[in-house]
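Modelling step: build the complete structure from the supplied sequences, incorporating the hints.
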Amino acid sequence: MPAPSCPLCNSPDTHLYHSDAKRDYTQCRQCLLVYVDCSQHLSPSQEKAIYDLHQNTIDDPGYIEFLSRLAKPLLRKLPNNSVGLDYGCGPGPALAELFKARGHRVNVYDPFYADFPEHLQRTYDFIVCTEVVEHFRAPKREFDTLFKLLKPGGWLGIMTKLVIDAEAFAKWHYKNDQTHIAFFSRPTFHWLAAHYHCQIEFIGNDAIILQRNPDPYNN
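So that you can map any letter, position 169 of the sequence shown is 169 in this note's numbering, and since no number is skipped, the others follow by simple counting.
FYI, nobody ran anything at the bench for these hints, they're computed from the structure.
Here a beta-carbon is modelled for each residue, glycine too, at the ideal position from N, C-alpha and C.
The reader is advised that the hints may include incorrect statements.
Said to hold, decoys possible - Label-pair distances were calculated between CB atoms; the ranges are:
(1) K100 to H54: 36 to 42 Å
(2) R76 to F112: 30 to 36 Å
(3) G103 to L42: 34 to 40 Å
(4) P79 to D13: 25 to 31 Å
Have a look at this one:
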């Protein structure tokens, strides 16, 4: 059965989008988020056990090339000496190091690997989330936090694979990772941009850059 309301926009207008042997996937008809109900989420310890298997480091050229799909276009937009946050940095915050190498100051935060709540008590010129938003258990709460941390005129850079349609979703390897519980499409990001008063740019197939409007009442 579909969840009673969407965890991103709170709409009750949802429907079953797909089911497989392990999980059910619900779609919101308002913001088009596809998500797994909390009753089918892994426990935090199970989730971390999977993350502990990842081996993404600053010394891996392939990983740096992957991160550069977001880092390079975002770096071109940032003023010198910007202050940023790598939100969901994981055990090896390679993205933060890329921005530091270009003269920016970067804090890190991750609930499992860099639990520094003091880094969530200030505002930032830019925030990066690479392969993070698909893990959000409570997307509305997380995005509310991110935009509270982002200065007016600031930049939010996201990397995540995008939902295309139900037929492609049924065959999609990305949904098979049980830590992936929230799946975004271009329409979902357009909803986010409108809701949080942002301009939006899509970079390739999996990088999205949102700029918060300097005037929050300027849509």
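Hint check results:
Distance hint check for K100 and H54: the Cβ-Cβ separation is about 21 Å, which falls outside the suggested range of 36 to 42 Å. At about 31 Å, the beta-carbon gap between R76 and F112 stays in the expected band of 30 to 36 Å. Remark: the range hint 34 to 40 Å for G103 to L42 is upheld by a beta-carbon distance near 39 Å. A C-beta distance of roughly 41 Å is found between P79 and D13, which places it outside the suggested range of 25 to 31 Å.
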